[in-house]
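Novice: Input sequences plus hints: build the corresponding full structure.
2 protein chains.
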Amino acid sequence: MKVGGESWDQPPSVPLRRMLSPRQSNSGHPGAPMGMAPVAHVLWNKILNYNPKDSKWIARDRFVLSNGHACALQYILLHLAGFKLSLDDLKNFRQLDSITPGHPEVGVTDGIEVTTGPLGQGIANAVGLAIAEAHMAATFNKEGYTLFDNKTYVFLGDGCLQEGVASEAASLAGHLQLGNLVAIYDDNSITIDGDTAVSFTEDVEARFRSYGWEVLHVQGGDSDLDAIYGAIAEARDNNTKPTIINLKTTIGFGSLKQGGHDVHGAPLKADDIRQLKTKFGFNPDESFVIPADVDASYADKAAKGEKAQAEWNALFAKYQQAYPAEAAELTRRVEGRLPEGWEKHLPTFKPGEPAVASRKLSENILNAIAPHIPELVGGSADLTGSNLTRWKGAVDFQPPSTGLGDYSGRYFRFGVREHGMTAICNGIAAYGGLIPFGATFLNFVSYAAGAVRLSALSHFRVLNIATHDSIGLGEDGPTHQPVETAAWLRALPNLQFWRPADGNETSASYQVALSSLHTPSVFALSRQNLPQLEGSSIEKAAKGGYVLEEAEGADVTIASTGSEVSIVVESAKILREQGLKVRVVSLPCWEIFDAQPREYQLAVLPSGAPIVSVEAYGTLGWAKYAHEHIGLKAWGASAPYLQVYDKFGLTGPKIAANVEKVVAFYKKRGSPTFSPLDTAL
Amino acid sequence: MKVGGESWDQPPSVPLRRMLSPRQSNSGHPGAPMGMAPVAHVLWNKILNYNPKDSKWIARDRFVLSNGHACALQYILLHLAGFKLSLDDLKNFRQLDSITPGHPEVGVTDGIEVTTGPLGQGIANAVGLAIAEAHMAATFNKEGYTLFDNKTYVFLGDGCLQEGVASEAASLAGHLQLGNLVAIYDDNSITIDGDTAVSFTEDVEARFRSYGWEVLHVQGGDSDLDAIYGAIAEARDNNTKPTIINLKTTIGFGSLKQGGHDVHGAPLKADDIRQLKTKFGFNPDESFVIPADVDASYADKAAKGEKAQAEWNALFAKYQQAYPAEAAELTRRVEGRLPEGWEKHLPTFKPGEPAVASRKLSENILNAIAPHIPELVGGSADLTGSNLTRWKGAVDFQPPSTGLGDYSGRYFRFGVREHGMTAICNGIAAYGGLIPFGATFLNFVSYAAGAVRLSALSHFRVLNIATHDSIGLGEDGPTHQPVETAAWLRALPNLQFWRPADGNETSASYQVALSSLHTPSVFALSRQNLPQLEGSSIEKAAKGGYVLEEAEGADVTIASTGSEVSIVVESAKILREQGLKVRVVSLPCWEIFDAQPREYQLAVLPSGAPIVSVEAYGTLGWAKYAHEHIGLKAWGASAPYLQVYDKFGLTGPKIAANVEKVVAFYKKRGSPTFSPLDTAL
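Chains A and B are the protein sequences, given in the same order. Residue 681, in full-length UniProt numbering, is where the first sequence stops; the numbers in between run on with no holes. Residue 681, in full-length UniProt numbering, is where the second sequence stops; the numbers in between run on with no holes.
Just so you know, the hints here were simulated from the structure itself, not pulled from any lab data. Beta carbons are placed, not taken as given, at the ideal position from N, Cα and C, and that holds for glycine. There are no misleading hints in this set.
To give an idea of the chain B side of the interface with chain A (calculated C-beta under 7 Å), a few residues:
| # | residue |
| --- | --- |
| 1 | 171 |
| 2 | 417 |
| 3 | 478 |
| 4 | 492 |
| 5 | 620 |
| 6 | 671 |
Cβ-Cβ distance ranges computed for the label pairs, FRET-style:
| # | chain 1 | residue 1 | chain 2 | residue 2 | range |
| --- | --- | --- | --- | --- | --- |
| 7 | B | 300 | A | 354 | 51 to 59 Å |
| 8 | B | 371 | A | 220 | 46 to 54 Å |
| 9 | A | 275 | B | 643 | 28 to 36 Å |
| 10 | B | 596 | A | 661 | 18 to 26 Å |
| 11 | A | 107 | B | 203 | 34 to 42 Å |
| 12 | B | 371 | A | 240 | 52 to 60 Å |
| 13 | A | 274 | B | 345 | 45 to 53 Å |
| 14 | B | 649 | A | 537 | 36 to 44 Å |
No more than 20 Å apart at the CA atoms, straight line, and that leaves these computed lysine to any residue pairs for SDA-like:
| # | chain 1 | residue 1 | chain 2 | residue 2 |
| --- | --- | --- | --- | --- |
| 15 | B | 624 | A | 673 |
| 16 | A | 360 | B | 265 |
| 17 | B | 633 | A | 597 |
| 18 | B | 661 | B | 608 |
Specialist: So this is what it looks like as structure tokens:
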């Protein structure tokens, strides 16, 4: 058999299919891995440019398995290709603490680029990976020095195509003319509910053409290796548009259940595996055995990849001579080091300076740091003028033919596509050498929940600039006022939810978020102006929580965040006039505060007096820090924001009145009051 | 001027444009209302079938403003058409406690069908409204008695079309051949970021054709009223496919800033309003004045609507004679009354009966109640076999031509479209006479966050069946194990998040959720089997929280939910063997427990001993009930579920060991321990 001018060692699906029924774990999804084995083999054995000895080589081709439930396929490919994934790892598929979990996780398994499984994410990540490549190429390539020209290949199934996040990302990819992106659609007409005819009868090819994609079609996805190779090669060589290859396959090809939906997510039975092995010419009594010629074929491919990287390294060595500044810059960025002294450009503020909305403070920060952190790239989901995310002198990332910018541009116009935006940012972060941010209203970060979760699980430094925080946005009303969003983001592991109270705290948010290499952040920023606080500093806020106003022998501590801190300061003044001793604590980031030593935490929120929380959100979550809560009982309201604050009791006098009740209640109780942080576990 | 055979009283845009610059509030979005005034007038003055005296008439046409920021337009139409919305209400646009908030909210304003503003939701709601009409027609219409044949009209802009939720819903609408759905796309080429050329260059018409929609095109959306009328009439009369009309308009038409993005979201200046009024033949010194002929024209339309409803009522009166059972059933459903005695069909369980997964318990409940609650309709986002949501004898809701079901079918195949599914359920709930449910894994309820939030804000009884709860799903791993989702759903106002522990609690979940007419619910259901508890009952669980195991002079209370309750029972047994007095509390629904009298709450979670929470999620939120927390510190893991539980310390012995530490800690402290619920505020 000859494909693309090269001879195949043997029917390519055999070694893969052999391994693909994840019988050992008696769990998993055999259908898609078996159906996509031929195209996977063609791609990985003949086309994909990788060096298994260095899975982080920046110029490698990227591979994304958007239908992540098919990860048995990917793990087998990584094993065959020589990545750090042994036969034992394959045998431990879906077992405790293995490197072969039920869905691919970046950081867990060598050679996995992004975390997939939640459908639609992988294709959007792939768009981000392609954007990143285009940007790095436009930024660093020079005449005679093509450092960046890798492709991103993504497998996806019917499930991914039905997800809105995939639609959003695909539409933007078409607009951006990402010729370095190749999607391979496993068109097997089967989903969990049965035939796609029950719910998915759209014309996928026409849809992708409407987005501006090139569409190729391979009828014989089960066996026509020549056609598969030809299509991928054609897609690879089309540099003007993203390409989707519609590959007709049979789910679970070779199984007795092939073509049916019950082969999607349930392991094959023993007799089916026997006949399958026999059918493909293997000894049915053997498992996890790879023929020597298959090993040799992949070893040959690995050697080619190693050689490719060596050539690239040589080219880069010459580049270092010719363009030392650019080379040093690229090295720094790929190593993940921020520019020396960048944080000196963060603005600081003194009390008495003008009140400024924290979205505007954020804009000032971007203006200050963007010139010094060239790897910072990002944009807004069509709210640029509201999010204030476009720094002075920014150039749009656009296809040059549009006349609106070029690929070296660092500012993205994501369109009204929040979920796609965040998933794309995950892909950009995965590429390396870039720090992406996305922006929308805080309320619509929820639209991107699926992708925000994966930023955190994937340990990607993605910044989410979320303006129009809470009821302070005023007239837009309850549909736009997030009262529940903070609880969700605070509950998400490995995510920093920042709600800064003034200029210094906003600078601290950026400082910590940018310095946290493996953690995403959300900045909840106000539409309304916030005064510069007495007692705030970048250093203090960078601890996530600190004492803004101290008092010996306090009667009460009031803890707050963001736009309510200055109101609490006002209420504390009223209470002091009434003879009470009041401490005020600002807690801009719980994730960071929780990481401080317990002694520090207890110094900020000590036992001995009641602690009252004040925040213009629902109160869920605050009981871990405070005994009593002032916040929203339900939804916000549409009105000028000061009226909304007043309606919900969030004014200095109204807060003071409630705090008085709290103090009286605990005095009457007469027992010692312990900090909620003073716990046994 | 003549349109559709009727003469127009005057250029239709005048009375509307007159009102449309929401200057009074000095806030709002003038651009889209001004651009869409002509089509709005054509639709509301000539086509839409409504009776302003009865905004709840079940057979009315539905109108959805998916670009809800243009609600000034909708409020003005409601006023002109004679709904309960006065000139003063218009003057109070975006003011505190007005019925004209910044975005339309169902329940707040007479004549508003669904809550819109968050982009993409309205078009998906409209798909749900159209599904509901098709289902009601197929269920109740008889030869000679066309009770249901209304249309759903939806306005939407570029923003909605870019949102993934709109793509999902539109694809499904095409599959379902919803000929009763008419979308009117305000193609003004402007979004907040400027020209759509910066991010949205797809071929929208080709995309909708790929979904199976009919596409019409009107070039002169600013002024060609004949063409607008003709297109809407053609779309209305096409009963085989949904139709989208691509209407070319000029944003802010008439303003000095027309055609630019700065007219989108900022109020017009005074001089601009003057020239605008003058241009359209009005006295620039007058505001909020409606010419008598305009009033008369809309009064005439209202009279037609009143007559239409009277005719419908007469038809229904005859229907009552001919089909008394169906008529009584329809009346009951439209009035929102559940069938008498439906709850008697809920299964009950006794200790010792077999352990069953709560997803399977849910299936048993659906099998038991679906025949008795014919208004219960729903389905899964392509996880039917995993969610176990298809009851025995269910018929699929499908176009009859597919041969897969018909429109009287009550089971939906939503496809892998979680966000679209939930937004569609909101539309179905909005229609009336139906109780919709959607199903997916709990982890992917997050994909639908934007729509879940609007279920709650809109007071829609939408049931979300969310199986594969937490780490109990085992091998699928962290990508699929929701550890943060419960905190978000518990923080959402007016939403019941149920996590039942056994059969009786699962029945209680359904009982309360179905009986809560104005509140959505999420059922977090286990993949793994759960034993039937000693001490549980529907009645107790229906309070949201209750004492499962009581103990006089207790040393500790352990509070838990769902799959961990039986493990806590095991740990309590171990602790009792060590001489400790242990209370066990089950809290299946916080929203409902929080609504109980404070005395009851304090009886369940009393002062006097420490309270420990145990749940296989992150612990955020639990401090409102408990002093100490046993849960997940971060993500789950991919492995057989019992190993995952063990890894995270969630076994009887490991919990017991931690509870021992807690008891010792509080004994050592020596001070009284107060319930976190014993508070001042």
